[in-house]
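Spelled out, the chains give:
There are 2 protein chains.
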Amino acid sequence: MEKRRAGTWVGDDNVALLTDLYELTMAASYHRHDLNGTATFDLFIRSLPPQRSFLVVCGVEDAVSYLESLSFDDGALAYLRSLGIFDDDFLDYLSRFSFSGDVVAMREGEIAFGGEPIVRVTAPLIEAQFVETFLLNAITFQTMVASKAARVAIACGDRRFVDFSLRRDHGADAGLKAARAAFVGGAAATSNVLAGRFYGIPLSGTMAHSYVLAFPSELEAFRTYASHFGNDTILLVDTFDIAEGARNAATVAREAKETGMSIRGVRIDSGDLVECAKVVRTILDEAGLPELQIFASGDLDEYEIERLLAAEAPIDAFGVGTQLGTSGDAPALGGAYKLVEDEAGPKMKLSTGKVTLPGRKQVYRRGAMEEDVIALEDEEQEGRPLLEPIVRNGRRIREAPPLEETRAFCRRNLDALPDELRALRSGAPYPVRLSPRLEELVERMRARR
Amino acid sequence: MEKRRAGTWVGDDNVALLTDLYELTMAASYHRHDLNGTATFDLFIRSLPPQRSFLVVCGVEDAVSYLESLSFDDGALAYLRSLGIFDDDFLDYLSRFSFSGDVVAMREGEIAFGGEPIVRVTAPLIEAQFVETFLLNAITFQTMVASKAARVAIACGDRRFVDFSLRRDHGADAGLKAARAAFVGGAAATSNVLAGRFYGIPLSGTMAHSYVLAFPSELEAFRTYASHFGNDTILLVDTFDIAEGARNAATVAREAKETGMSIRGVRIDSGDLVECAKVVRTILDEAGLPELQIFASGDLDEYEIERLLAAEAPIDAFGVGTQLGTSGDAPALGGAYKLVEDEAGPKMKLSTGKVTLPGRKQVYRRGAMEEDVIALEDEEQEGRPLLEPIVRNGRRIREAPPLEETRAFCRRNLDALPDELRALRSGAPYPVRLSPRLEELVERMRARR
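For the protein sequence lines, the chains are A and B, in the order given.
At position 98 of the first sequence (counting the first as 1) the number is 147 in the numbering used here, and the numbers step up by one without a gap.
At position 429 of the second sequence (counting the first as 1) the number is 478 in the numbering used here, and the numbers step up by one without a gap.
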């Protein structure tokens, strides 16, 4: 049995094993019994957390990349053999395994609601089942963060916010994907350099308290930083005393002005942000520096930002970390991936509280977000169909759009949300209806049991 | 500017850029001003979430692997150059960058409390500062999950529990690291195959509802699975009707017995688990199958497991997913990484609510967990010192222990916890005192300002 210790990473070469064991035991059983007819699975979020009125779809492009690259290399096969539960015939099958099916999905940045299929996979049963774990992992996590980011964006109004979550994200991959999802949902930039490199997201950064502490005085720390980074400088003013920090920042900003530079602003990371921001604004204004911006950070979320702006805190931009990257008040979404049709027809699970909708379906959005209708795929309906083909015969049939475009699409969708959905405290849920034929199918399948 | 889209991964080749931009701007400034004397930083969890009485340290080995492998390759340097904020001299420095410092840390599986240094890094200032973001990411996340797992283990008593979190973990790396941290904290196994491969964690799996739905009848699904996996078989009995499911499982178990096999048990994943488990237990017992175990899953956490066992639900083992892997009731820990000493002496930050403890420190545990004392490193104290050397001059000075050993160490630590700390609802906090000389240093530094 292969056994590494710490310092291991998931990548294209080993992600095939990033799956629940049962996906493989079920696959082995299907393979032995030649049960591999075409099957369709829906991925959906069962219901929204109490604090959420809508979701912003994200993670679809990662899921597609996974489907395109999925294969078992010799190391993976050797490990599976070592478990002693898979026979040679199945391992041989896995050595040739790839995803050959079709996928329709909502676009990243699309608004979705509980129960609506976000991704629909149609493939030979073994393939369609096997990809469950990764698809759920990628899409529910990224959708969760994009949805949180959208709420923060709504709270910020015309202010900017920046993703500062990396140090609190759940591991390395979460850091990368949270930055991407946050950008889709509305963040203007990220502190995460690797996310900047991979996704072209603008970077933002200031300084840490330790930087200030590393110099004999705060003033000297500020001068040194400003002399290096000029117009990009944002000075952290709360290491010792915030008013003194603001005065030191004003001194350095005026010195910079004399040499033709214009430092960008100051950051406050602790204390009563309303009070502190007002004190700092007054000091900067009285020093003749109305152009200096105030950045605030420190355990912010959409509720706190709403409160700060309602209290007229003179804050120009927000750094949002922990609560954004972990979606602190709703750190998981109840994603499900369910068999809805196979060669024998529509399928439906009846477990208590976990009923699924049978058949191949499409979601239609009517009017300016009046209601959504989940219908059978071949059932003519009014409205805009939200599920679009993205993979055919295992290959991507359209390139991922530039991330800026996805972000702009999300922004348009958020702007079009009815006021009651934009409210941070959710009220009446958005109406999602079943079409007449889907309703009828559900009833027929219930009665059949 | 390099720009990939979806499907990107973090690995040894690019993890150097998985950092906040400010780590690099501060490094550039220190480099230009030749500020690179020896500095010491503490990594600690500021305070525990309200629902936590203790922490289980985890993630240290990953942090060490990172420190050992840290370097900037040409791709990383080219991206940084493209940002236009770093000069050639600094980029040249980065091309030769590696971590050359010393690290002392608590062992993985150790019990820690708020404010105690878990990791202490001493290195040239630029290196010691730069590693902040990754160390916080790795150690706070993994410590959070190991701590949650320990609580689940306490709730389970002599029952086993298995990590089922992969589909809800925050991305791919979180899935791998959550399985490892859960195992350290007490999980008996994981469903995550890649974690089994990399860390040698035992694997566990059953079947999905879709497997049952893929056959003409539940009975046929059960028969097929049992014929393939024999003694390892665990049948999911709640796809349709739980009593009927249990009777079908009993039928298949009796058939298996006749051929000399003994299937392992059944799983219940929905409904009122107390009620359902009692119904299923009765059916299995009346069928002469007292040896069949009952596994329960479905949004479990330590509180729910405590409730189920208090209600005498006849459940033998638990699958714990979402709440374990996301630490649902406390999805982030307030980890901090702070400069505490440099060549000019001890350092201390005074920001409101975020005071740090100056100087190079050691943590001593007294008696059978009577109290912990945080002391200056060179201050003689009673008790067991918790911080042990792990990296010297940039190289690991002891191999990571086998994971089973770390898990056993954690188990012994949990067994030794006083009852009030083992309680799931926290009461009086464990006493963590400052030593006389540390207390005195804090006072002196406060007065100095």
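Just so you know, these hints were derived from the structure itself, not from any lab.
We put the CB at the ideal spot given by N, CA and C, even for glycine.
Be aware that a few hints might be false.
[What the hints assert, rightly or not] Which chain B residues face chain A? A few, computed with CB under 8 Å, are given here: (1) T68; (2) Q100; (3) N241; (4) K387.
N241(B) as chain A interface residue, shortest Cβ-Cβ below 8 Å:
It holds, given that the least Cβ distance between N241(B) and chain A is near 7 Å, below 8 Å.
Hint validation: T68(B) versus chain A, beta carbon distance must be below 8 Å. Holds or violated?
Holds, because the Cβ-Cβ distance from T68(B) to chain A comes to roughly 6 Å (cut-off 8 Å).
Against chain A, is K387(B) within 8 Å by beta-carbon distance?
Since chain A brings a Cβ to about 7 Å from K387(B), closer than 8 Å, the hint holds.
Closest C-beta approach of Q100(B) to chain A relative to 8 Å, hint status:
14 Å, violated
In this structure, the one hint that does not hold is number 2.
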